[in-house]
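Student: Here is how the chains run, residue by residue.
Number of protein chains: 2
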Amino acid sequence: MSRAIVLSIGDELVGGLYPDLNAPRIARGLLEIGVPVDRFLAIADDASAVSEALREAGARADFLVASGGLGPTLDDVTRDGAASAVGEPLELDPTQLRAIEERFARRGLPVPESNRRQALFPRGSAVLANPWGTAPGFRLRIGRSLAFFLPGPPREMEAMFEAAVLPAIREALPPRRDSFVRRRLHAFGVMEAVIGERIADWMSGENPKVGTTVRKGEITVSILARGPDDTQARALADRAAEDIRGRLGEAVFGEDGTPLAQAFGRLLIEKGITLATAESCTGGLLAKSLTDSPGISAVFREGFVVYSNEAKIERLGVPPETIETHGAVSRETALAMAEGVARAARVRLGLSVTGIAGPEGGTPAKPVGLVFLGVCFDGKARAWRRQYPPSDRRLIREIAARESLNLARLVLLGRPREE
Amino acid sequence: MSRAIVLSIGDELVGGLYPDLNAPRIARGLLEIGVPVDRFLAIADDASAVSEALREAGARADFLVASGGLGPTLDDVTRDGAASAVGEPLELDPTQLRAIEERFARRGLPVPESNRRQALFPRGSAVLANPWGTAPGFRLRIGRSLAFFLPGPPREMEAMFEAAVLPAIREALPPRRDSFVRRRLHAFGVMEAVIGERIADWMSGENPKVGTTVRKGEITVSILARGPDDTQARALADRAAEDIRGRLGEAVFGEDGTPLAQAFGRLLIEKGITLATAESCTGGLLAKSLTDSPGISAVFREGFVVYSNEAKIERLGVPPETIETHGAVSRETALAMAEGVARAARVRLGLSVTGIAGPEGGTPAKPVGLVFLGVCFDGKARAWRRQYPPSDRRLIREIAARESLNLARLVLLGRPREE
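Those protein sequences? They're chains A and B, same order as listed. Heads up, the first sequence is in the numbering used here, so the first residue is 1226 and it goes up one at a time. Heads up, the second sequence is in the numbering used here, so the first residue is 1226 and it goes up one at a time.
Worth double-checking, as some hints may not be accurate.
Any copy will do: because identical chains look the same in the list, a pair fits if it lies in one copy or spans two.
Once the Cα atoms are required to be at most 16 Å apart in a straight line, the calculated EDC-like pairs of lysine to aspartate or glutamate come out as [what the hints assert, rightly or not]:
#1 1434 / 1271
#2 1434 / 1403
#3 1441 / 1381
#4 1605 / 1643
#5 1434 / 1603
#6 1605 / 1443
Don't read these hints as lab results, they were simulated from the structure.
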C-alpha cells in the first residue's frame, strides 16, 4: 500500500501559535483517493530542517505533500531546503516571473525584489501555477517520494491541492488499488471502556479498522474499511456500522459528524415539538448549543439564563420555599424549573439545568460538579442527578449541556433513564 | 541548545478528523522554559509506528513529549509501542491499579477489565499520576531523549504537562541557557493591517520577534523575547509590550490569554456594575461567554434568549409596533431590547443582540450577517449596526457576541464608538 507523509512548514506552527489545519485537510483528501497518511511532520522555517525532513521522507514515503514557506519574505526557505535535499540549484522560471510581474502590473505596482524569489524553483521540478495568490508551488521527485510543495494560506493550499495534487497522485497510483470508506457513530451516556468491551471484536480486527475517541463526554466510534473498490469498501463499512449501532442501541445519537445538539434538533423539528430552556450553571450554553443549528427557530421559542434565585422565582415561578428548603441546586428546583419554563414559554418540552460549575461554591453536601437536570415533556417532569469530576468548570458546563440534550432525546424516544 | 520533539498519537489525527491542539499547547509551554520545539510528529494508533517514531526521536532529541493512545480501549497502544522501543516488557503497577479501582468505586462502578490495562507501564518507567482522569502517564528514557507520555484529552494532558512534565524538564536543563519570554496583547475592533502598520518597526525586528494573528475578530500581538536570563528576556518583552500597548490604546482589552469576556467581566466586578443580556441571533452565546468566567455571578443577574418575537415582547416589553414597523432586526428593536432587559432585570447594564446569522433568513435589505448591538447603561441606550461577512453562521455569532462585549467595555470606559 502507498505511504504518504504530510509536511507542514512554519515557525508559527512549531511555535504553538496556531493549530495546523492544512495537514488534516490534506489527509482527508488523500484518504478519499485511497492513500492513507501515516505521518504528519511539522517543522520551522529553516532550510536545513526542511532539507533534512525531505530526505527522511524521500526514504520512506511514496507521496509527500508539503505546505508553507513559499512566501516572498526571507524567512520563506522551503524552496531552498527542497533544492538542497535533491542537491540541485534554484533556477529562475521566466514564465512564472512574467506571471508575477503581470499580477503586480494589473495593480499598477512594480514587482518587489522579494517577490522575484517566488519564481525560483529547484532544477528538475515542475511548477504548479497558483491562480489564487503570488506563490506558485512545485512538484519534485525526492528519493522514492513524489513530493508536492504548496503555499501555506489554507485557501490557496486547498485550491491547489484539489486542482494539481490530487489528480497527479491519482494518476501516479497503481491502477489496481484499495478504496477506503470511513463511517462514524457518535454516542453519549455510556463510558468509552464499556463501548470498547461491547465492540472489542471489531476493535481488534484489521479491516475495518475500528477505534473510539472521547470528546466532552461524546464518544465517537470510527470505522475505516478497505476494499478492492468503493462499493466493497462501503459495504464492509456499512455492515460494521450497522452491527455496532445495534450493539450500542440508543446510546448512538448520530453519525458521520452530526453534533448531539443538531441530531436532537432534527428530532424536534421532525416531530414538531416546541421547546424552551432554563439554565443556571450552564449559563446559556444549552440554548447556544441548540441554536448552533440553522432552522431550529421552527421549534425553539426562548431560553432563560436564571443565574440569580430571583430570576428562577420571577421568570419560572419556582416556589421560594423550594429554593429555601432544598436549595437552588436540587432535584426539586430542577423539576420546578423544567415545569416553569414549559409553562412560561407555552411549549411541549422544557429543559432545565442547575448545578455547581465551580471552582467556588461547592460544599461537602453539594460539591463542585453536582448538577441536576430536568426534562418536562407534555406536562410530565423528571429530573436526574449527576456528579461530574470537579476539576474543570468549562468541562462540567459542556458535559451538563450535552447530558441535558441526551436525556431529553431519550425521553422523546420513550426510553427515559432511571432518575 | 536542547532539542525537543512533540509526538501526537491517534488515528483521528492522521485521519484528518481533528486538528491537533495538544502539540501547540506543549510547544508554547516548552518555549516558556527555554526549550524551543523543532518538530511535531503525528502518527496513527499503531504500536510499531509508535515504536519506530520513538526510536527516531531517541536518536535526535533531548526531550520528547507524547500525548494520546493511553486510553482503556484496544486501539490505545502507546504503552506497547514505548515498551518495544526500549525492549522492555509491560508491568502492572499495583498503586495505579488501586487508584483506578478507587476512582470507579467512588462512582459506585465496577472497573471494566479494559481499564486495568491503564495500570500497565514499560519496565523502568516512572509513573505520572493523573488525578484528572483514569489514564496515568509515564516518563521513560529512550536513547538520548527524556520522554514523557500523557493522555490525549486536552484537559488531562494540559494538567499533567503543567504538574509533572514542565518541572521535570526544567530540572534536567543545563544551568546556563537562553531564556525566552512571550507576551501577548489582545485587541478587538481594529483591523490587523492597521495594527500591522502601527507596529511595523517592531514586526521587522529579530529580538523580540513580534507577530500578529487574528481569530474570531480578536487580534493577538505576540511578542517573543530571548535573553541570557529570565530577567533580561522579560525586560525586553515588557518594554515592547508597554510600547505597543501605548500605540494600540483602548483597542487592547487584555493580555497573555485573557479572553475578552473575562477581561470585561473583571471590569464589571471591579466597578460593581450589575448586568443582564437579551440576545436573539447569538442564541445564548453572549450569556455563555460571560458565565465562562467564575465569579461573574457577583454581577450577572440573568440572560434572555428571545428567539421568537413573542419573547421579545413578553420578556423585554419591546413594543409590537417597533417590531412591525422596523423589524426584529433593527436599531430600534436593539435599543428596546437593551432598555427592556435592564428594566426587567433591574440592572445598570443591559446588552442586546439581534441579527441574521443565516444561512437562511436574509433579504436584499437585510442580508445574512447584519447585526444590531444595543447597550443600555444607567438608563441611556445606544445601538450599533454591523454587517459581517455572510459566509459562516458560527463566525457571525461569535464575532457578534465579542463585539457586544467590546462595545459595552468601551461605554464603561467612557469611550463609546460612534453609533
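Student: Each hint needs a verdict: does it hold in this structure or not?
Tutor: Each hint tested on the structure:
| no. | hint | result |
| --- | --- | --- |
| 1 | 1434 / 1271 | between (37 Å within a copy, 11 Å between copies) |
| 2 | 1434 / 1403 | within (14 Å within a copy, 46 Å between copies) |
| 3 | 1441 / 1381 | between (26 Å within a copy, 12 Å between copies) |
| 4 | 1605 / 1643 | within (15 Å within a copy, 51 Å between copies) |
| 5 | 1434 / 1603 | neither (44 Å within a copy, 61 Å between copies) |
| 6 | 1605 / 1443 | neither (27 Å within a copy, 45 Å between copies) |
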